[in-house]
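S.K.: Dock chain W against chain D, hints included.
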Amino acid sequence: DAGVIQSPRHEVTEMGQEVTLRCKPISGHNSLFWYRQTMMRGLELLIYFNNNVPIDDSGMPEDRFSAKMPNASFSTLKIQPSEPRDSAVYFCASTAGYEQYFGPGTRLTVT
Amino acid sequence: GIQVEQSPPDLILQEGANSTLRCNFSDSVNNLQWFHQNPWGQLINLFYIPSGTKQNGRLSATTVATERYSLLYISSSQTTDSGVYFCAVERAGGGADGLTFGKGTHLIIQP
Numbered sequence: 001d002a003g004v005i006q007s008p009r010h011e012v013t014e015m016g017q018e019v020t021l022r023c024k025p026i027s028g029h030n031s032l033f034w035y036r037q038t039m040m041r042g043l044e045l046l047i048y049f050n051n052n053v054p055i056d057d058s059g060m061p062e063d064r065f066s067a068k069m070p071n072a073s074f075s076t077l078k079i080q081p082s083e084p085r086d087s088a089v090y091f092c093a094s095t096a097g098y099e100q101y102f103g104p105g106t107r108l109t110v111t
Numbered sequence: 112g113i114q115v116e117q118s119p120p121d122l123i124l125q126e127g128a129n130s131t132l133r134c135n136f137s138d139s140v141n142n143l144q145w146f147h148q149n150p151w152g153q154l155i156n157l158f159y160i161p162s163g164t165k166q167n168g169r170l171s172a173t174t175v176a177t178e179r180y181s182l183l184y185i186s187s188s189q190t191t192d193s194g195v196y197f198c199a200v201e202r203a204g205g206g207a208d209g210l211t212f213g214k215g216t217h218l219i220i221q222p
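Line order of the protein sequences matches chains D and W.
Take the first sequence: its position 110, counted from the start at 1, is 110 in my numbering, and no numbers get skipped.
Take the second sequence: its position 86, counted from the start at 1, is 197 in my numbering, and no numbers get skipped.
If you are wondering where the hints come from, they were derived from the structure by calculation, not from laboratory data.
Misleading hints may appear alongside valid ones.
[Claimed, not checked] Label-pair ranges, simulated between beta-carbon atoms:
#1 Pro81(D) / Thr131(W): 43 to 53 Å
#2 Lys78(D) / Ile113(W): 23 to 33 Å
#3 Arg9(D) / Gly204(W): 10 to 20 Å
Glycine residues also receive a C-beta, built at the ideal position from the N, C-alpha and C atoms.
In isolation and in its complexed conformation, chain D is listed as follows:
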């Protein structure tokens, strides 16, 4: 099993640009989660999907953030427009029950 796959691993962009982060969950997992890690706020849940349906997006910081899961094997997190305060590591995780497995993360830097 390849585990949770995220791309890109690193992204550097300028303020105002659109950023799209991608995630492929573990095959057979029906729940997918997006988390963000910053020094100030630690690890926090942004949004999660169950069977491709968004269940709770209360952690999404602003309308500039959106997430989709068009099928069971792919999800995107989009930031438009990006701001320097969005700089963080973004993790995707998936589960078939309760135990969650995390991808390697995408380190986003917005200048």
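M.R.: Coordinates of chain W only, in the frame set by chain D:
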């Protein structure tokens, strides 16, 4: 929401020493996981342990759900054990709906 407190925040030990990390949580949980974040930023699953005791090599964990705490034991520490250890929980009452993380214990093992 549920509160997660980890202690100690920092721990410096010599190679070969044993350590105990603690996680207190404020409500009943249906998921509790311990992670090790290595120097490359990856979140490594250590234990899924909403209750009971588990062991994996030099590491073991115990969760006393009725008293709302969990302990992670590391024996005969090695320099590769260095990193940040996170406890994360999901409040009981539903399915998988996202982990709430503690702030972590930063462990440094000196040779």
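S.K.: Give me the numbers of the hints this structure contradicts, sorted from smallest to largest.
M.R.: Violated hint: only 3; rest satisfied.
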